[in-house]
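A.B. asks: So the chains spell out like this:
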Amino acid sequence: MAPKSNFSKEEELLLQDFGRGLSAKSSAIFYFHAFIVSTVPLYLFSNIQQMFICENAILFGIGTIVSMYFISFAYKNNKFELKHKIAQKRGDGVSAEIHAAVADMDGNKKVSKKEKDERILWRKNEVAEAESIQLAVFNTNATFLAILIFLAFLIFKNYAPTPYPFRLQLVQNIILTS
Amino acid sequence: MKCVLCLVALFAFFSNAVIADDTTAKLILIKEVLNDIITEGNDLSVQYSLFNIGDGPATDVELADSDFHESEFELVSGMTSVKWERIGANSNVSHVVVVKPLKASAFNSTSAVVQYVASEGAEPTFGFSDELGELSIISATEYKRLHASHVWEWFLFSVFCIPSLLLPYLLHFTSKSKYNALSAKKKH
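As given, the protein sequences belong to chains A and B, one line each in that order. If you read the first sequence in the numbering used here, its first letter stands for residue 97, the second for the next number, and so on. If you read the second sequence in the numbering used here, its first letter stands for residue 2, the second for the next number, and so on.
None of these hints come from the bench; they were simulated from the model. Note that CB positions come from ideal geometry on N, CA and C, so glycine has one too. Be aware that one or more of the hints could be misleading.
Said to hold, decoys possible - Okay, derived cross-link-like pairs now, EDC-like style, lysine to aspartate or glutamate, Cα gap no bigger than 16 angstroms in a straight line:
1) K121(A) to E225(A)
2) K188(B) to D188(A)
3) K186(B) to D188(A)
4) K101(B) to E71(B)
5) K253(A) to E143(B)
What the hints assert, rightly or not - Pulled from the structure, derived: some chain B residues nowhere near chain A, Cβ distances all over 12 angstroms:
6) F69
7) V100
8) V118
9) S120
Bound conformation, chain A alone (with noise of 0.2 angstroms):
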């Protein structure tokens, strides 16, 4: 028989909305940019140190997905970290927005504070969540592109056998880390 849990339904929306978890809308948007990213280095692979697609296939296809995996879950923690920092900023704009819209409600129905504040609440971790997946990403991606032509192109330019993997690892390791 599986445990109840102990909290209740605001404390699981509230660990919902706080937690590590991501939505489905979250996570979907997180592995379009990890794709997105993961992949457009190869062109530059390709055309300039002349990895060809098809003769490197298979490297490039474990490449991708590893690092798809490795980038979103940097995506993850990165932000879970900015959330809590937006959320703060961005408390005096929602408010406004709030009572501006309340305001340009029909009159004659009153909004208790406590319905104003739950807006305000439910608001703020809306916007708290967008900015911090598009910022996230940025970050993420920035990072990501910027150590890897570092190493890729600078550091490691002529390493043999094939200089992919190696620095994508490295990469990728530095990324989690961060």
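Add chain B to chain A, keeping to what the hints say.
C.D. replies: Chain B only, in chain A's frame:
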């Protein structure tokens, strides 16, 4: 004594006269590759320079180089066997051969040979150029990887990065600006 001295002077005069008429040519052949990098499919220029450091002209000069086989090189311009009727004393000539390597591999370059007549009536003399040793011919792929500027590739890469970098940042910046403006408005 005077008679002996006269005889010695006469002997010295005639021996010098004999030496002054005995002029021979001496050719030095220098073979050099003008390219810094030798690439498969790109022109390779080889220059042959002949210097006559002797006192007399070299005649019936023939230069031959058998390094560039048809199976490995395509002749673009110049000839691998050249003839000059005469190369004067203290003068020089040069000849450039342009070939195109057909394969990327290590290539062992041997000496070119020059045959000439050093003085009138003499037997032909043979001379050899310097050996260039082993030359490395890199493939076109390797050349592009190492030496091409790749400006177009970097430009396209930056365009491909726009969805990954610029779009998320713009979305975040738009939202941030909106709520900062609302916050500032609320404070006033």
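A.B. asks: Each hint should be assessed against the structure and marked as holding or not.
C.D. replies: Hint check results:
1. Pair hint K121(A) plus E225(A) holds up; C-alpha atoms about 11 angstroms apart against a cutoff of 16 angstroms.
2. A distance of roughly 9 angstroms separates the Cα atoms of K188(B) and D188(A); the hinted pair therefore holds under the 16 angstroms criterion.
3. Distance check on the hinted pair: K186(B) and D188(A) sit about 10 angstroms apart at the alpha-carbon level, within 16 angstroms; holds.
4. For the hint pairing K101(B) with E71(B), the CA-to-CA distance comes to about 10 angstroms; that is within 16 angstroms, so the pair holds.
5. Between K253(A) and E143(B) the CA atoms are separated by roughly 12 angstroms; this keeps the pair inside 16 angstroms, and the hint holds.
6. At roughly 27 angstroms, the least C-beta separation between F69(B) and chain A is larger than 12 angstroms, which holds for a residue marked as non-interface.
7. The non-interface label for V100(B) is consistent with chain A: the shortest C-beta to C-beta separation is roughly 25 angstroms, beyond 12 angstroms.
8. Residue-level check passed: V118(B) sits 53 angstroms from the nearest beta carbon of chain A, beyond 12 angstroms.
9. No beta-carbon of chain A is positioned within 12 angstroms of the beta-carbon of S120(B); the least distance is around 56 angstroms.
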